[in-house]
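S.K.: What follows is each chain in one-letter form.
Protein chains: 2
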Amino acid sequence: MERVFVVGAGMTKIGRFYERSARDLFREALWKAIDDAGGLRPQAIVVGNMTSSVLMEQDSLGALLADYSGFRGLPAFKVEAACGSGGAAVYAGYALVKSGLVDVVAVGGVEKLTEGVTSEATKALAQAADSEYELIYGTTFTGLNALVMRLYMETFKYDRSDFAYWPLRMHEYASYNPYAQLPRKTTLDAILNSPLIADPIRLFDASPIGDGAAVVLLVRGEERAREVAKAVGKDILVELASVSMATDSVDLASRRDLLTMESTVKATREALGKAGLELKNIDYAEVHDAFSITGLLALEDIGFAPKGEAPRLWKEGRFGKGDKPEVNFSGGLKARGHPVGATGVYQVAEAFMQIRGDFPGFKASSPETALTHNIGGVATFTSIAILKRYR
Amino acid sequence: MERVFVVGAGMTKIGRFYERSARDLFREALWKAIDDAGGLRPQAIVVGNMTSSVLMEQDSLGALLADYSGFRGLPAFKVEAACGSGGAAVYAGYALVKSGLVDVVAVGGVEKLTEGVTSEATKALAQAADSEYELIYGTTFTGLNALVMRLYMETFKYDRSDFAYWPLRMHEYASYNPYAQLPRKTTLDAILNSPLIADPIRLFDASPIGDGAAVVLLVRGEERAREVAKAVGKDILVELASVSMATDSVDLASRRDLLTMESTVKATREALGKAGLELKNIDYAEVHDAFSITGLLALEDIGFAPKGEAPRLWKEGRFGKGDKPEVNFSGGLKARGHPVGATGVYQVAEAFMQIRGDFPGFKASSPETALTHNIGGVATFTSIAILKRYR
Numbered sequence: 001m002e003r004v005f006v007v008g009a010g011m012t013k014i015g016r017f018y019e020r021s022a023r024d025l026f027r028e029a030l031w032k033a034i035d036d037a038g039g040l041r042p043q044a045i046v047v048g049n050m051t052s053s054v055l056m057e058q059d060s061l062g063a064l065l066a067d068y069s070g071f072r073g074l075p076a077f078k079v080e081a082a083c084g085s086g087g088a089a090v091y092a093g094y095a096l097v098k099s100g101l102v103d104v105v106a107v108g109g110v111e112k113l114t115e116g117v118t119s120e121a122t123k124a125l126a127q128a129a130d131s132e133y134e135l136i137y138g139t140t141f142t143g144l145n146a147l148v149m150r151l152y153m154e155t156f157k158y159d160r161s162d163f164a165y166w167p168l169r170m171h172e173y174a175s176y177n178p179y180a181q182l183p184r185k186t187t188l189d190a191i192l193n194s195p196l197i198a199d200p201i202r203l204f205d206a207s208p209i210g211d212g213a214a215v216v217l218l219v220r221g222e223e224r225a226r227e228v229a230k231a232v233g234k235d236i237l238v239e240l241a242s243v244s245m246a247t248d249s250v251d252l253a254s255r256r257d258l259l260t261m262e263s264t265v266k267a268t269r270e271a272l273g274k275a276g277l278e279l280k281n282i283d284y285a286e287v288h289d290a291f292s293i294t295g296l297l298a299l300e301d302i303g304f305a306p307k308g309e310a311p312r313l314w315k316e317g318r319f320g321k322g323d324k325p326e327v328n329f330s331g332g333l334k335a336r337g338h339p340v341g342a343t344g345v346y347q348v349a350e351a352f353m354q355i356r357g358d359f360p361g362f363k364a365s366s367p368e369t370a371l372t373h374n375i376g377g378v379a380t381f382t383s384i385a386i387l388k389r390y391r
Numbered sequence: 001m002e003r004v005f006v007v008g009a010g011m012t013k014i015g016r017f018y019e020r021s022a023r024d025l026f027r028e029a030l031w032k033a034i035d036d037a038g039g040l041r042p043q044a045i046v047v048g049n050m051t052s053s054v055l056m057e058q059d060s061l062g063a064l065l066a067d068y069s070g071f072r073g074l075p076a077f078k079v080e081a082a083c084g085s086g087g088a089a090v091y092a093g094y095a096l097v098k099s100g101l102v103d104v105v106a107v108g109g110v111e112k113l114t115e116g117v118t119s120e121a122t123k124a125l126a127q128a129a130d131s132e133y134e135l136i137y138g139t140t141f142t143g144l145n146a147l148v149m150r151l152y153m154e155t156f157k158y159d160r161s162d163f164a165y166w167p168l169r170m171h172e173y174a175s176y177n178p179y180a181q182l183p184r185k186t187t188l189d190a191i192l193n194s195p196l197i198a199d200p201i202r203l204f205d206a207s208p209i210g211d212g213a214a215v216v217l218l219v220r221g222e223e224r225a226r227e228v229a230k231a232v233g234k235d236i237l238v239e240l241a242s243v244s245m246a247t248d249s250v251d252l253a254s255r256r257d258l259l260t261m262e263s264t265v266k267a268t269r270e271a272l273g274k275a276g277l278e279l280k281n282i283d284y285a286e287v288h289d290a291f292s293i294t295g296l297l298a299l300e301d302i303g304f305a306p307k308g309e310a311p312r313l314w315k316e317g318r319f320g321k322g323d324k325p326e327v328n329f330s331g332g333l334k335a336r337g338h339p340v341g342a343t344g345v346y347q348v349a350e351a352f353m354q355i356r357g358d359f360p361g362f363k364a365s366s367p368e369t370a371l372t373h374n375i376g377g378v379a380t381f382t383s384i385a386i387l388k389r390y391r
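These protein sequence lines are chains A and B, in that order.
This note's numbering puts the first sequence at residues 1 to 391.
This note's numbering puts the second sequence at residues 1 to 391.
So here's chain A without its partners, still in its complex pose (with noise of 0.2 Å):
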C-alpha cells in the first residue's frame, strides 16, 4: 500500500476567544494548512471535538465547518474521544487516505470553552468520566487526576515541589511559540505558590482553559506529496508513518494499576511495530501534559523513563534541548494550550513543523522522526502517531 504524508498545517493561536466562533476558528486553521500545502485542497474534512454539543447546542459540526470554510458538500464528520479527539481524528483521517476513499483528508480539531461560562467548561470535560460511576458523585476531571498524583506521590516518595519543573519548562518553551496560550516563563515559586485546586493539584499544574483549532493536510504516495512539497519549495518530506490507537476503561475503579496508562503502553508499542521503529530511534515527543503528573506519566509509560523515575530525571534536565528524544517544545498542554479536541492536531502539525525544520517556537534539533501522543479522559484513550522524515 502507499504512504501517508503530512504536507501541510495551520494552527490559530490559542485563547480565551469571546468574540470568536468554532467556526471561525477552524476556518482560520484550514486555510492555513491548504496555504502551507500550497493551495492543495481536502477531498474530505474530519473535525476532532470534545463540547461542541453541550457547550455550543451544536452537532452536526463536520458539515457545519466545512461549509462554513468554503468545502460545502465534502464528506466530513466529527470524531469524540474525550480530550483525545484530535488524535482520533488523525487515526481516522489516516484511514480514510489510506484505504484510497479519498487522496487528500483535512484532519482538524477545534474547541470553543469560553462558550459558556468556566463552571460550564468544566462540567462539559468532565463529561469524560463515567457519568454513571463517576459523574454522579460530582467529582471533576481534576478531581480524579488529582488521585493519580497522590498516588503517585506516595508510592515513589516525591515531593509536589518535585513536580514544578514540569510547568516551569513548559512555561520556558511557550514563551518562544507564537501559537501559545500562556507565552511567558514563570519561576518556581510563583507554580509552588499558586492556589490548590484539587489537593495536591495546584493551578501551574492544570492546562489552561482555551480555544483553538489546528488543521493538517494529509495524502497518499509519495507522487503527491512531492508535488506539494516542490509547489511549496521545502525539500523535506514526512511521512505519516504510523497511527494508533487503544483504550482502557472509562471509570477509575475499573483499572489495574492507577499509576499506568495503559491505553499509552498499548498504543506506543503498536504504533512503534507499525512504523518498523525502536523506542531509541525517536528523535522528538509531543506528550499529552494536561497536569504535570500526566506529563510525567506518559514519559514512563511510552517508555522514555522508567517507572517512578519521570519526576527525578526531568528535574535533572533530561528530555531537553539536545537530549533524546526532546520532548514538548511547543510548550505542551500547559502552556501551548489545551484546546481539547483540538490539542492532538496540535501535537501533529507542531512534530510536522520540528521534522520540516519550520517551527516558529524552540527549535528541536532537526529530528528525523517524532511521536505524537494525546490522551482522552484518565489515559481512557490514547492515540499515538510517528512522523518520520522520508528519504
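By construction, these hints were calculated from the structure, which means they are not laboratory data.
It is possible that part of the hints are untrue.
Copies of the same chain look alike in the list, so a pair counts if it works inside one copy or between any two.
Pairs of lysine to any residue, SDA-like flavour, derived with a Cα cap of 20 Å [as the list claims (entries may be wrong)]:
(1) Lys123 / Glu368
(2) Lys307 / Thr260
(3) Lys13 / Lys185
(4) Lys274 / Gln43
(5) Lys123 / Leu151
(6) Lys123 / Thr142
(7) Lys324 / Ile209
(8) Lys185 / Arg150
(9) Lys274 / Gly73
(10) Lys274 / Met1
(11) Lys123 / Glu57
Dock chain B against the given chain A, drawing on the hints supplied.
M.R.: Then chain B, alone, in the frame of chain A:
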C-alpha cells in the same frame, strides 16, 4: 486492494427502554453480531451516536462501550453526523479495515433518547440544526421538515393525504419485523386523523422517539469472509462494495433548492461509481424516512423516481414486493424506528440480511444488490452504502 465484506449483524429491538442503558443495548447488539459471525471478535469499534453528550452527560462513549462489552483496550471512538451518525460510522469503519489498520471492525450505533424526558430529546435532536442561525429562533427538527413538506406540496400540487401512503406501508412492513418499535398495521383514517405536530406534518408522518443499538462486523479480504461463512454454515458472501458520504449546508436558508437533497444526489452518484453499478442494478434499498416527505424525497434524489413524482408512484404501489427496487421492508424509520445514531447501522444490517436471505421480517425477493441511505439533519449529511452478493 482487498475487498470489504459484511460478515455479521446484530440488532436490539427498538423501543422506549427506560430501564436499560446505552451500554446495555450496545453490548446486546455487539454480541449478537459476534454470534452471527461465528464468534469472530472485532479489533476496533466505531460507534455512531448523536445525543450521548447532552442526554446522558457522557463523552468517551467509544471506550465506555468497548469496555462494557468485554473489549477493553481496543481502538474505539464515536462518530457524530447528527441523525446520520450511523452511516458516517460505516464510512469510517470501512476505511479502518480497507486501509489495513485492523482486519475486523465492529461498526455500531446506539442511541438512548429516553434518558431524558421527551422535550429534552426534542431539544437534543434540534441540535442537528445550525445553533447560531436556526436553533436560536426556537426551531425544532420537525418544524424545519414541515417547511420542506409544505413547499413540496405547493410546488408539485399534492394534498397531504397523498403522503399518508408512506406510513401506511411502513407500518405494514414493520408488522413483520421483530426488532421494530411500531410493529403493527395502521389505517389511512388513523394516519389522516393523527394530531398535527408541525403543520403539515402529522404525528404519523414522523418517526418515533426510541432507543436501540445495531452492529455490523466488517472484514477485509475474501478469505476471511469465507472462513466466517463456512463457520456459520452460510454460503452467501456479502460485499460492502462501496461507501460514500456528502454534506450540504446545515442551515436551510443557504440551500440552493429546498426540494433537492443535494448531498443525497452526490453521495449516490459516487457510491454507484465506486461499486461499478448503475442505479438500475439496485434490487433493494433502505432509505431514510425520518418523515414521510423525507422518504419520498429520498426516492427522487437517489434517482428511483423523477422529481415531483414519488408520492404518486408510491401511492400507485411502486417499490413494493416484486418491484425493482424494493424499498424499506424493515418498516423504515417510520415504523421500524429511528434510534438516531444507530439507524444507519440498522439499515446496513437489514440490507445484509436481505441479501443473505435471512432477514427475520418482510422478505425481499432474493436481492443481489442493496443500497442504504442515511441522512443527518435535513440532508446536511448523506451516507450511502452499497452491498452486493459476491460470486
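S.K.: Any of the earlier hints contradicted here, and which numbers?
M.R.: 1, 5, 7, 8
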